[in-house]
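In order, the protein sequences belong to chains A and B. For the record, in the first sequence the residue sitting at position 291 is 291 according to the working numbering, with numbers rising by one throughout. For the record, in the second sequence the residue sitting at position 151 is 151 according to the working numbering, with numbers rising by one throughout.
Take these hints with a grain of salt, some might be off.
[To be verified] Distance condition first, Cα-Cα at most 25 Å in a straight line; then the derived DSS-like pairs of lysine-lysine:
| no. | chain 1 | residue 1 | chain 2 | residue 2 |
| --- | --- | --- | --- | --- |
| 1 | A | K268 | B | K144 |
| 2 | B | K268 | A | K268 |
| 3 | B | K268 | A | K254 |
| 4 | B | K283 | B | K244 |
| 5 | A | K98 | A | K12 |
| 6 | B | K299 | A | K144 |
| 7 | A | K144 | B | K244 |
| 8 | B | K335 | B | K10 |
| 9 | B | K335 | A | K196 |
| 10 | A | K244 | B | K199 |
| 11 | A | K254 | B | K254 |
| 12 | A | K51 | A | K12 |
| 13 | A | K10 | A | K244 |
| 14 | A | K258 | B | K10 |
| 15 | A | K251 | B | K335 |
| 16 | B | K268 | A | K244 |
| 17 | A | K251 | B | K196 |
| 18 | A | K251 | B | K244 |
| 19 | A | K258 | B | K299 |
| 20 | A | K144 | B | K88 |
| 21 | B | K299 | A | K202 |
| 22 | A | K283 | B | K259 |
| 23 | B | K88 | A | K196 |
| 24 | A | K254 | B | K258 |
| 25 | B | K199 | A | K159 |
| 26 | B | K283 | A | K259 |
| 27 | B | K328 | B | K299 |
| 28 | A | K280 | B | K283 |
| 29 | A | K268 | A | K98 |
| 30 | B | K244 | A | K202 |
| 31 | B | K199 | A | K202 |
| 32 | A | K283 | A | K259 |
| 33 | A | K12 | A | K335 |
| 34 | B | K258 | A | K259 |
| 35 | A | K259 | B | K251 |
| 36 | B | K144 | B | K244 |
| 37 | A | K280 | B | K254 |
[What the hints assert, rightly or not] Per label pair, the in silico range of CB-to-CB distance:
| no. | chain 1 | residue 1 | chain 2 | residue 2 | range |
| --- | --- | --- | --- | --- | --- |
| 38 | A | K144 | B | L226 | 27 to 37 Å |
| 39 | A | E176 | B | E176 | 48 to 58 Å |
| 40 | A | F266 | B | N338 | 48 to 58 Å |
Hints listed in this document are in silico derivations from the structure and should not be mistaken for laboratory results. All C-beta atoms, glycine included, are put in the ideal place defined by N, C-alpha and C.
2 protein chains.
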Amino acid sequence: MPLSSSDSPKCKILVDAMGGDFAPQHEVLGALSALNENKSFHLILVGDDEKIKAIAKENNLSLEGVEIIHSDEVITMHDSPTTALKTKQKSSLVIGAKLVASGGADAFVSAGNTGAVAAAGTLLIGRLPGVERPTIGTYIPNLKGITTVFDVGAFVDSKPQHLVGYAKLANVYVREMFGIQNPTIGLLSVGEENEKGNKVTKETFDLLKNSNLNFYGNIEGRDILLGTVNIVICDGFVGNILLKFGESFMKIMKPLLKKTADANFFDKIKIALSRNAIRKTFKVFDPNEYGGIPLLGVKAITIIGHGSSSALGIKNMVLKAKDMHDKKLIAKLAKEMNKQ
Amino acid sequence: MPLSSSDSPKCKILVDAMGGDFAPQHEVLGALSALNENKSFHLILVGDDEKIKAIAKENNLSLEGVEIIHSDEVITMHDSPTTALKTKQKSSLVIGAKLVASGGADAFVSAGNTGAVAAAGTLLIGRLPGVERPTIGTYIPNLKGITTVFDVGAFVDSKPQHLVGYAKLANVYVREMFGIQNPTIGLLSVGEENEKGNKVTKETFDLLKNSNLNFYGNIEGRDILLGTVNIVICDGFVGNILLKFGESFMKIMKPLLKKTADANFFDKIKIALSRNAIRKTFKVFDPNEYGGIPLLGVKAITIIGHGSSSALGIKNMVLKAKDMHDKKLIAKLAKEMNKQ
C-alpha cells in the first residue's frame, strides 16, 4: 500500500548554525522564525549546543521538535575551503554536509564561507550524475524583475562544456522556481554580435546555439540590469567580480549622498527628507530579500547565504529550501543532466 | 642655436569630426570650445567640410586658424573595426589616423566606434617599441578620488605578459597625468589571497610581484569603488563587462527612483525635491567629465570618447590631449617600454 502524502516523511532542513558573520544569533533566530511560519518541515541545527539553547531562551523561543547536533569547530571566512574541509572535521559545516550526504537531511543551508560551502556541496554531498561542475547562481534585480547569473564563483577557468552545463542547470532552476516556462539564456560577452567574445565564449556560443535551450545569443555587461534575458551565463571569475562590484555600488551610495549633503545645507535637508524613499528604492538590491543563492548540480538542496545575512535572510533561505523540496527540484535537475 | 620654446612648433590636435552618436555637431562645438579656452594648439578637424562649416556658422563661431580636412565616409558604431579600416579608406577615422601616423598631427581624438579607434591606433598609428598590446583605460570614481582600470576592451584573452605591459603603461600614465608618484597597482581577481585567481592571473601575480612596480596584490570587485588601489589591471573581457555593467547602474537609477515615486504620493514629492541633489551625487559617474579614455602603447596621443559624448565631453578630450602633449607623455611611455 503506498504511503499517503500525510504519511510521507517530513522534509528535513539542516541549518549550519555557526556559518555567517553573526552566527549563531541570526542563524538560530532566522531558522526558528521559518519554522514558526511553516511547520511542515523538520529543522536540524548544527552548532554549539549551549549557545543555540541560550539564544532560544533569551528570546523566549521554543526548541520543541528541533533537532540540535552539537559541533565544536567553526570554519571561518578566512579558512581555505578545501584545507578546512579536511582539517576541521568537527566543524558544523563538515558535520552538516556529511549528514546531508548520508540522507539524514534533504537540504543544507549555510551562510558560512562561500568557497567552503561550495566545496562541501561538491566533495561531501557530491555531484549529480552528468554534472562535471556544480554552479552558484545569484539574483540581480533588473527593471522588469530578476536576472539570474550563473556562475558567480564556484569555479574559474570554465571550459565551454562547463558553461553549457551551468546553462542546463540554471534553465531547470529558473523554470521551476520562477515559473518561467522557457527562460531566455544570454552568454555574457563583450559585444552582441555572434563573433564577439574570448576564445571560451566563442566556442560556448556554438554549443549553446546547437542546444535545446532558449539561447538568446551574446549579451553585454549592461544587459544584466536592463533585464534582456532571464539567465546570464559566465565563468565564475567574471561572475564573482561582477557580483562584488555590484554589491559595492550599494555600499558607496550612502557615503556619496552624504558627501553631497555635507557640501550644501539645502542638499542636506533634501537628502534627509528623501532618505526613506531612496532606501526603499535600493531595497531590491538587498541580498536578504532573496533567501540566499543556490549551489546547483549537487545531490541535495544546497543554499549559500551572504556572510552578513540577517535573521530575515536566514529565514528566507530556509523557506526557499522548503520550496525547492516541495517542487522536487533535485529530481528534476537530475533528470535533465542525465539526458544526453 | 637651439629653438626657444616660443619658436617650437605648436601642438597639433586632430579631431575625428564624424565619430560619435551626435557627430559632427558635438565634435565641432566641443573642439572649437577647447580652442577658445586654450589657444596654444593647432586644431585639425577631419570630416564633412560643408557640415563642419554649417555648424560653425549656425553657432556664430569662427573657424579662423582651424584646418579642415574633408572626408566622405563614416565608420559607424555597427562596422566591424578591422574590416572598416580596410574598406572605408576615405573615412574620417582612417584619414585622421594616417595623418597622425605620418607626423601630421600629435594627437588623435575620436568619439567613434571604440574598437575601430583602437584598431586604427594599433594598426595605422602603430605600437611603441616594446609594446606587444596597447591598452584602453577608464576612470571609475571611488570614495577618495579616481580608480583607473586597464584594460577595458582593447583586447581579450590577454596573456600574463600582456597584463604586465598594461600595468607598466598605466603606471607611467597615472604618474604623469594624476601626479601620483608611485601609484598602487592591484590585480583584479576573485579573492585577496595570493593564491586566488584563474590561471592567467596567478601567473601574472608572480610577474608583477617580481617587477619594479608598486604592486599591491590581488583585489576584488568591491575594491574598485572603494578605491583600494590607483590602478586596476584586468583582461579586456572582464574590464569591458565591468565598464558596461557600471554604466548601466547609472541608467537604471532614474527609472528605479521613478518606480518608488509612482508607488507612493509622499515618496513622489520627496524624490522630486531631492532630484537635483541626487543628480549632483551621480555627476561623478558622468563620462563627459573625464575627457575620454586613453589608448596607451601607440606612437601618438590617442583619446577615445564615449559614443554619446556631449560637446563638453569632446572639449575635455581635446584639452586632455593638449595636457598629455605638454607632459611629453608619449616620450615617457616610450622610455619605460624600451627598458628591459
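Tested hints:
1. About 20 Å separates the Cα atoms of A/K268 and B/K144, which keeps this hinted pair within 25 Å; it holds.
2. Distance check on the hinted pair: B/K268 and A/K268 sit about 18 Å apart at the alpha-carbon level, within 25 Å; holds.
3. Among the hinted pairs, B/K268 with A/K254 is consistent with the structure: their alpha-carbon atoms are about 20 Å apart, no more than 25 Å.
4. Note on B/K283 and B/K244: the hinted pairing holds, with a Cα-Cα distance of about 17 Å set against a maximum of 25 Å.
5. With a C-alpha separation of about 14 Å, the suggested pairing of A/K98 with A/K12 holds against the 25 Å cut-off.
6. Restraint check for B/K299 and A/K144: not satisfied, since their Cα atoms lie roughly 46 Å apart, outside the 25 Å limit.
7. Between the alpha carbons of A/K144 and B/K244 the distance comes to roughly 19 Å, so the proposed pair stays at or under 25 Å and holds.
8. Using a Cα cut-off of 25 Å, the hinted pair B/K335 and B/K10 holds, with the two alpha carbons roughly 23 Å apart.
9. A hinted pair counts as satisfied when its Cα atoms are at most 25 Å apart, and B/K335 with A/K196 does not qualify at roughly 34 Å.
10. As the CA atoms of A/K244 and B/K199 are separated by approximately 20 Å, the hinted pair is consistent with the 25 Å bound.
11. For the hint linking A/K254 to B/K254, the alpha-carbon distance of about 17 Å falls within 25 Å, and the restraint holds.
12. Distance hint between A/K51 and A/K12 is fulfilled; the C-alpha atoms sit about 22 Å from each other, no more than 25 Å.
13. Proximity of A/K10 to A/K244 is assessed by CA-CA distance (about 37 Å); at most 25 Å being required, the pair is judged violated.
14. The suggested pairing of A/K258 with B/K10 is violated, with an alpha-carbon distance near 45 Å, which exceeds 25 Å.
15. This hinted pair does not check out: A/K251 and B/K335 have alpha carbons roughly 41 Å apart, beyond 25 Å.
16. For the hint pairing B/K268 with A/K244, the CA-to-CA distance comes to about 31 Å; that exceeds 25 Å, so the pair is violated.
17. Pair hint A/K251 plus B/K196 holds up; C-alpha atoms about 24 Å apart against a cutoff of 25 Å.
18. Proposed proximity of A/K251 and B/K244 is supported: the alpha carbons are some 19 Å apart, at most 25 Å.
19. Between A/K258 and B/K299 the alpha-carbon distance is near 43 Å, which puts this suggested pair outside the 25 Å criterion.
20. Restraint check: the Cα-Cα separation between A/K144 and B/K88 comes to about 40 Å, which exceeds 25 Å; the hinted pair is violated.
21. A distance of roughly 32 Å separates the Cα atoms of B/K299 and A/K202; the hinted pair therefore is violated under the 25 Å criterion.
22. At most 25 Å may separate the alpha-carbon atoms for a hinted pair to count; A/K283 and B/K259 meet this at roughly 12 Å.
23. Restraint check: the Cα-Cα separation between B/K88 and A/K196 comes to about 21 Å, which is no more than 25 Å; the hinted pair holds.
24. Proposed proximity of A/K254 and B/K258 is supported: the alpha carbons are some 19 Å apart, at most 25 Å.
25. Annotation: proposed proximity of B/K199 to A/K159 holds, straight-line Cα distance about 13 Å (limit 25 Å).
26. With a C-alpha separation of about 12 Å, the suggested pairing of B/K283 with A/K259 holds against the 25 Å cut-off.
27. Distance check on the hinted pair: B/K328 and B/K299 sit about 12 Å apart at the alpha-carbon level, within 25 Å; holds.
28. With a C-alpha separation of about 22 Å, the suggested pair A/K280 and B/K283 falls inside the 25 Å cut-off, and the hint holds.
29. For the hint linking A/K268 to A/K98, the alpha-carbon distance of about 54 Å lies beyond 25 Å, and the restraint is violated.
30. Taking the CA atoms of B/K244 and A/K202, the gap is about 20 Å. The hint holds against a cut of 25 Å.
31. About 19 Å separates the Cα atoms of B/K199 and A/K202, which keeps this hinted pair within 25 Å; it holds.
32. Straight-line distance between C-alpha atoms of A/K283 and A/K259 comes to about 21 Å, which keeps the hinted pair within the 25 Å bound.
33. For a cut-off of 25 Å, the pair hint linking A/K12 to A/K335 stands: about 22 Å separates their Cα positions.
34. Under the criterion of a C-alpha separation no larger than 25 Å, the hint pairing B/K258 with A/K259 is consistent with the structure, at around 23 Å.
35. Between A/K259 and B/K251, the direct Cα distance comes to roughly 21 Å. Compliance with the 25 Å bound is thereby established for this hinted pair.
36. At most 25 Å may separate the alpha-carbon atoms for a hinted pair to count; B/K144 and B/K244 meet this at roughly 22 Å.
37. Between the alpha carbons of A/K280 and B/K254 the distance comes to roughly 14 Å, so the proposed pair stays at or under 25 Å and holds.
38. For the pair A/K144 and B/L226, the supplied restraint of 27 to 37 Å holds, since their beta-carbon distance comes to about 30 Å.
39. As the Cβ distance of A/E176 to B/E176 is approximately 56 Å, the hint placing it in 48 to 58 Å holds.
40. The beta-carbon spacing between A/F266 and B/N338, approximately 55 Å, falls within the hinted interval of 48 to 58 Å.
Of the numbered hints stated above, those contradicted by the structure are hints 6, 9, 13, 14, 15, 16, 19, 20, 21 and 29, listed in ascending order.
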